[in-house]
Amino acid sequence: MFDILLSSLGQVFTLSHLLYMMLGVIVGLVVGIIPGLGGIAGMSLLLPFLYGMDPSVALGMLMGLVAVIPTGDTFASVLLGIPGSSASQATVIDGFSLAKRGQAARALSSAFLSSMAGGLIGAAVLTGFILIAQPLVLAFSSSELFMLTLLGLSMVAVLSGRDLFKGLAACGLGLLVGGMGMAPATGEFRLNFGLDYLYDGLPLVVVGLGIFALPEIIELLVQRGTIANEPCRLGQGWRQGFRDVRRERGLVARCAGFGSLIGTIPGLAGSVVDWMTYGHAVQSAKDKGEFGQGDIRGVIAPESANNACACGAMVPTLLFGVPGSGSAAVFLGGLLLLGLQPGISMIETHLDLTYTIIWSLALANIVGAGLCLGLAGPVASLTRVRFTILAPLITVLILFAAYQATRATGDLVALAVVGAIGVLFKKANWSRPAFLIGFVLAPGAETYFYQAVQFQGSAAFARPGVLIIGALILAVLFIPAFKALWVKRRQSKTSGVTASPETAKAAEQSPMIGAVDVLLLAGLLGLAAFAWSDVAGLSMLGSVFPMLAIAIMALGCLAEAARYALRRPQWQHQACREELVWLTGFCALIAVILGLGFISTAALFCLVFLLGIARLKLWTAAGMAIGVVAFLVGMAHFLTLTYPSGLLDPWFFS
Amino acid sequence: MRPLTSQQTLNTRLKHAARLGLLCAGLSTLMLPATANAADTDVPDTIKWTIPFGVGGGTDVWARFFAPWFSESLAGEPTIMIDNVPGGGSINGANLFAVRAKSDGSQWLGTSASTQYPAMLGDPRVRYDYADWKPILATPTGGVVYASPEMGQDADSALQALLKQPVKLAAQSPTGVELPVLIALDMLDVDVDPVFGMRSRGEGRLAFERGEANIDFQTTSAYLSNVQPLVDDGKAIPLFSLGVLNDEGQIVRDPTFPDLPTFNEVYKQTKGEAPSGNAYEAYRKFFASGYALQKLVMVPVDTPEALTEAYRQAARDFIKTDKFKEESAAQLGPYTPIIGDTVSAHLEDAMSIKDETRQWLITWLADKFDVHLATR
Chain A
1 MFDILLSSLG QVFTLSHLLY MMLGVIVGLV VGIIPGLGGI AGMSLLLPFL YGMDPSVALG
61 MLMGLVAVIP TGDTFASVLL GIPGSSASQA TVIDGFSLAK RGQAARALSS AFLSSMAGGL
121 IGAAVLTGFI LIAQPLVLAF SSSELFMLTL LGLSMVAVLS GRDLFKGLAA CGLGLLVGGM
181 GMAPATGEFR LNFGLDYLYD GLPLVVVGLG IFALPEIIEL LVQRGTIANE PCRLGQGWRQ
241 GFRDVRRERG LVARCAGFGS LIGTIPGLAG SVVDWMTYGH AVQSAKDKGE FGQGDIRGVI
301 APESANNACA CGAMVPTLLF GVPGSGSAAV FLGGLLLLGL QPGISMIETH LDLTYTIIWS
361 LALANIVGAG LCLGLAGPVA SLTRVRFTIL APLITVLILF AAYQATRATG DLVALAVVGA
421 IGVLFKKANW SRPAFLIGFV LAPGAETYFY QAVQFQGSAA FARPGVLIIG ALILAVLFIP
481 AFKALWVKRR QSKTSGVTAS PETAKAAEQS PMIGAVDVLL LAGLLGLAAF AWSDVAGLSM
541 LGSVFPMLAI AIMALGCLAE AARYALRRPQ WQHQACREEL VWLTGFCALI AVILGLGFIS
601 TAALFCLVFL LGIARLKLWT AAGMAIGVVA FLVGMAHFLT LTYPSGLLDP WFFS
Chain B
1 MRPLTSQQTL NTRLKHAARL GLLCAGLSTL MLPATANAAD TDVPDTIKWT IPFGVGGGTD
61 VWARFFAPWF SESLAGEPTI MIDNVPGGGS INGANLFAVR AKSDGSQWLG TSASTQYPAM
121 LGDPRVRYDY ADWKPILATP TGGVVYASPE MGQDADSALQ ALLKQPVKLA AQSPTGVELP
181 VLIALDMLDV DVDPVFGMRS RGEGRLAFER GEANIDFQTT SAYLSNVQPL VDDGKAIPLF
241 SLGVLNDEGQ IVRDPTFPDL PTFNEVYKQT KGEAPSGNAY EAYRKFFASG YALQKLVMVP
301 VDTPEALTEA YRQAARDFIK TDKFKEESAA QLGPYTPIIG DTVSAHLEDA MSIKDETRQW
361 LITWLADKFD VHLATR
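Note that the protein sequences, when read in sequence, are chains A and B. For the first sequence, this note's numbering assigns the number 1 to the initial residue and increments by one for each residue that follows. For the second sequence, this note's numbering assigns the number 1 to the initial residue and increments by one for each residue that follows.
Just so you know, these hints were derived from the structure itself, not from any lab. One should not assume that every hint holds.
Said to hold, decoys possible - Per the computed footprint, the stretches of chain A lying under chain B, defined by three or more beta-carbons under 8 Å from a beta-carbon of chain B, are:
1) 183-193
2) 330-340
3) 448-454
Claimed, not checked - Which stretches of chain B does chain A cover? Using the computed rule of at least three CB atoms under 8 Å from a CB of chain A, they are:
4) 54-64
5) 222-228
Yeah, the Cβ is synthetic: ideal placement off N, Cα and C, and Gly gets one too.
If we strip away everything but chain A, and leave its shape as in the complex, we get (with noise of 0.2 Å):
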């Protein structure tokens, strides 16, 4: 085995595996940084020159391209609160807030050096676990998986902190859009209100952009500043930044690890890891007042977890040919397109294509981060840059990236309707990430109870995985609350009256409320009215879930609603008319691209919108606008992209 190891080391150092690996590597940071392309754009760049390429070469550069993505990512992710790909979402969170506070050097720097570190660890994780992953990957029956949705959906609690029923209404909804489409017990549409666009489902991108990117990008309006509003000399946000990384390494090491275990299960996403990570990161953080806020902690714990997912991935991809997330799905087509069959033989007769992939992989991740490193500093300015420049800019950005989900009409009108509720959500502060865990975690929760339930009957849940599981949720919604219990009692023990003030200011605090949480509250109780009664009509295996989702949410509602009702809430006043003037030019711009086109609608918007608002001048206007064009036309032409064509753009553009 020692002697492949090498061998194959050899190979990776090989001027033509280089090249190619760098070549994938370039592309993958291209459509890692483009929010919304990932790495099923990078594959269909690449997967034209596969067909007839050496295998180990071809594999270098498929390599390159897949380590590097959830890297990219990170760029739209912390600058301009994009949740660049289901890798990222929880990057966002405290990412974009340091970003706001300045840092946004410092966050990209720290970024980048514990995806390193991740992807790094988790290659050598990789290195040895291949060889004895099989029957682990095994060990995990439906029963555990559905114990590891249950494990991310509980972190639900640990986001929501006070506001626990919020969280609680916010987690339901997400789980009744997750649960839209198609029942996987049944096969039963549900929700989809006789449109063709909601049999699938909502795509995970429109959701992603909606909930975090739009609501940001009208606030960031509604203030008119830049996104930066403190200060900052970015050098010192490098050195930082690797101060933060080298302070918190036993973070890093731990979510790595953790991450590249969880990768190598089938069947659960990527985009569980970084909000399981992140949740380890506020619990085991000792003051966690400053997540959310911009903990520095929030971006490496995801950051060194979805890089070493990735790696991990590759086990499942090339021991089972199950793909482990979507560019490893990606990935096992390459393989396929290169005459290569995964299964066993991969450890049996190609071990050394294996090391191959594992070592291409550890240094594209070394590559990927020191390429992102160097342009972090120069990107990071961008957040100095008066906003209403970078606007309109973004927001062609993010409709063109929601297009991009499934290339329908649907996409936009999700994006707004989304994007709708998280404006009201961030208002109110209701919890976001507690509505897109829902949603992530929806598919997985229902079919793999569905399935466990199916299988193994009552046996499923007395399985030793399952209860080991069990213990950790336990662990993660109690341990908190008996800590600080026992905190609080023996601070009033040692210093008799002078308990920590901050604490029973908190307990003092009466609830707020506005007009905003009053119009969700009523809100989301007539939706779980309208969609009860929707699902009613259902088998009972293809209603259950559904219902399940409606009834979390109906309750977190009321148990929000008994609170206001039984402590005096105090009067919130919760200002919205400018924030929805911008949804509404948002809405209307929709409406332009579907009658005129996309390209020709961006231009224009672009220019107006830099004229009138940004009011810049003539010339600069023009030049950004055409840059729009060129890179919409740019982009569809290499990459064969469509866009909504509308009236104008067949003239123009065809």
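Following the hints, put chain B in place on chain A, whose structure we already have.
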């Protein structure tokens, strides 16, 4: 004053960026390919091949394997551009193709079992009709049903055991590629209890390997690479193959598995007569459209006959070469693509499902699995 100066430098940078943008725009309009303007029967310069599945999936890989072969064998070596339009389990892409495709030979469609089945079942989302298209080429596949060794040490004892106890099969959806297998097992009086919601046949196999399912089914290439090792280790017992369709449209033994009986043989052996009736009719049609003609290259029916023939001839030319035979063994398994009129005949037969058979199937799905299909 520092913030102001940095703002100014940023603005100048933006101006530079804008200028670069102008330049790029100019260049990209120059570099866009000139639109083709050729006579009817000439092979177009660019062929857009719509694949209604995602990048990296089975049908995508299949198309990307064929694209260079077609391109090299056609006059003028046209560029074949693969356009992935995933969604609705291939219904969306096929619907779009049905509405938009031009019939000048510049647009192809790649379909698979999951495109054929909804059309046969009368799924309300389907807005395409196979009668509007004609086939260039089809690639067949076979498949093998196998059981866990708990059921018995050899195929005969396992088949006996299957009749005595309910067995679990991990499947994708009631109307997915497992449909003929479910019908076949039911015809043999096996009390099969399918667990739906698998995202691929690979996940189904994983459930079998984990011991959750005690019977499973894989198509030939997955069987050879992933199940054969299990069989060799005594962890799986092959029961029967689905067989292949010969030129006369009869189901015969799969040349890949010459020692394995087909479903028809097993049925005849256990029941003493050849399979017949609505159930067998449904089995045969869904086997033909989902396996014997699993993946198809289609063009709109109005495509000029000369051009269609040119495409078919190109396919006939390249499938004869040794290089193709060698490479296709890895990609398509040990089956030869079928071309032209043979495909048309088989396809017409497979897709024309009688109302009576369809009605039987709908009732059967409802009775057996409590699955109520929405149909037109």
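Status of each hint after checking the structure:
Chain B is given as covering the segment 183-193 of chain A, and this holds because 6 residues of the stretch bring a CB closer than 8 Å to a CB of that chain, at least three being needed. Taking a C-beta to C-beta cut-off of 8 Å, the segment 330-340 of chain A contributes 8 residues in contact with chain B, enough for the three needed, and the coverage statement holds. Check result for the segment 448-454 of chain A against chain B: holds, 3 residues qualifying (beta carbon to beta carbon below 8 Å, three or more required). Look at the segment 54-64 of chain B against chain A: 8 of its residues bring a Cβ nearer than 8 Å to a Cβ of that chain, three or more, so the hint holds.
Coverage of the segment 222-228 of chain B by chain A holds in this model, with 4 residues showing a Cβ closer than 8 Å to a Cβ of that chain against a need of three.
The structure meets every hint from the earlier list without exception.
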